[in-house]
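A.B. asks: Please arrange chain E on chain Z, whose structure you already have, making use of the hints.
Here is how the chains run, residue by residue.
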Amino acid sequence: MSNYVAALGAKYIRVFQLIGRSGLFLISILNWGSGFKGPFSRLVKQVYHLGVLSLPIILVAGTFVGMVLALQGYYILSNYGSQEAVGQMVALSLLREFGPVVSALLFVGRAGSALTAEIGLMKTTEQLSAMEIMGVDPFQRIFSPRLWAGVVSLPLLTVLFSLLGIYGGAFVAVNMLGIYEGSYWSNMQQSVLFYDDVLKGVIKGVVFAFVCTWIALFHGWQAKPTSEGVSRATTATVVQGSLAVLGLDFILTAVMLGGF
Amino acid sequence: MSSQPNYFIECRNLHYQVDDRAIFSDLNLKIEVGSITAILGPSGTGKTTLLKLLCGQLKPTTGAVIVDGCDLADLSRKELLYLRKRLSLLFQSGALFTDLTVFENVAFPLREHTKLPEHMIRDLVLLRLESVGLRDTANLMPAALSGGMARRVALARSLALDPEFIMYDEPFTGQDPISMNVLLKLIAQTHENLALTSVLVSHDVKEALSIADTVLVLNHGKVQARGSPEQMQAHTDPFIQQFLFGKGVEGEPFDCAIESLREQVLHE
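Chains as they are written, first to last, in the working numbering: chain Z, 10 to 269; chain E, 790 to 1057.
With the rest of the complex left out, here is chain Z (with noise of 0.2 Å):
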């Protein structure tokens, strides 16, 4: 019995000292460096690695998911004879929750797991070790631009998602359903707000940004360095980053729609 109960508390002490130690490494990554052409410039190529090379898995997603939700829309709203709201159903649906959300997911599953398995390889192969042996700090060389990168590139991703969403919604209810355009593009106009719909869902994925980049760059860094231990880190990310974005929707819907 107390074997069991010092086993159940060592684990617990372990849970512990993890977050301790990816609240300290957090502290650590967030410094820049010192000038700026240097930084800006490594931050410049991360942005195309984690953004711009996750654009077509993000714009395709979103066009799906945006003729999905109007033809769902289209047959629910059929039933009260409000089909015409569908573009206003499409727009916010994709604004509030499906942008933010799915683009978190698909960049935890593309970018993130890419970062762990980079960053655990360049573990594995010493590349960390003989950065800091040159007197070059890993943290500040390595991470910082790529913590930056990210939470520059998902709200960006988040944005282009709903946009590719919405226009894909409009072409299933425009073109295939026959709803009128201008009811389409009317409804959506008038119940969209910049703040409490647009904005929210961008703070939305700069929160989700920061705490994927932060997940995936953490679990890298902890990897073990051996083939399995990259596959676990790599996996810890995924499968950490997209429970964080889900519980963290949870918080933040809640907290922006006043219900706490």
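Careful, some of the hints might be misleading.
[As the list claims (entries may be wrong)] Short, incomplete list of chain E residues facing chain Z, as computed with Cβ under 10 Å: (1) C844; (2) Q846; (3) K874; (4) F880; (5) T887.
[Stated by the list, open to error] Restricting the straight-line Cα-Cα distance to at most 30 Å, the calculated cross-link-like pairs of lysine-lysine (BS3-like) are: (6) E/K836 x E/K819; (7) E/K867 x Z/K233; (8) E/K1011 x E/K836; (9) Z/K54 x E/K904; (10) E/K819 x E/K848; (11) Z/K46 x E/K874; (12) E/K848 x Z/K233.
Bear in mind the hints are in silico, worked out from the structure with no lab data behind them.
Owing to the predicted nature of the structure, the values given are computational and were not obtained by experimental measurement.
Where a beta carbon is used, it is the ideal one built from N, C-alpha and C, also for glycine.
C.D. replies: Then chain E, alone, in the frame of chain Z:
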């Protein structure tokens, strides 16, 4: 800074353990300025760990590592990174940055620590690559290099900032005889030309003895013997004889098994 001018690095009563396993216990060693010190020992004795302790990548459990008069434990992370500009470590794997070309790898420390104009960086990098005989590979990616070439590029990179102290981690492992001789000559020449203090960790005994001024043999977390290569060759300790010359010693186990084979297999 230079309170101990004769010794660049000192380990005082160094104890290091991982979980419950002691890697070093009460280890004392001194590396003389301007010398080549070969640290020899069988695989698994912690030679690479010792190098990581010497450059402050690992912290000793107890005891001190003194580099040029500074106790590494007293330095902040920033001060340690600053001190490391004067040190260099040639990793066993080379540890080249795989996303940069050979040229950019060698230029990396120069770009990070100096504000030299581009044309000067270019000249310095090409000179360093020339010194390791690989100027032609400047535009290749590290993946296109053989193991021996990668290690020579890594050597060029580790010398880019003209360090005072360089550590070589198993530089000869997995090299063909030609590459091995090239590396051996390079290490000796570099040491001579740049007036470095060098530490060479290896289990390639013949090669290490041929260039070292001082030899330390590690075993079971301690320095088992130290002296000049000639003194080592004349050493009478059975382990030293076995390790240096492969002379069989009856009853001297070469592995580190705690349990006997009979106990483990036959459960006796």
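A.B. asks: Now tell me if each hint is right for this structure.
C.D. replies: Hint by hint, here is what the structure shows:
1. C844: holds (6 Å)
2. Q846: holds (6 Å)
3. K874: holds (4 Å)
4. F880: Interface hint status for E/F880: holds (5 Å vs cutoff 10 Å).
5. T887: holds (7 Å)
6. E/K836 x E/K819: Holds, at roughly 15 Å.
7. E/K867 x Z/K233: Between E/K867 and Z/K233 the Cα gap is close to 26 Å, so the pair holds against 30 Å.
8. E/K1011 x E/K836: It holds: about 11 Å lies between the C-alpha atoms, which stays within 30 Å.
9. Z/K54 x E/K904: holds (21 Å)
10. E/K819 x E/K848: This hinted pair holds, its Cα atoms lying about 18 Å apart.
11. Z/K46 x E/K874: Between Z/K46 and E/K874 the Cα gap is close to 22 Å, so the pair holds against 30 Å.
12. E/K848 x Z/K233: Between E/K848 and Z/K233 the Cα gap is close to 19 Å, so the pair holds against 30 Å.
Checked against the numbered hints given earlier, this structure breaks none of them.
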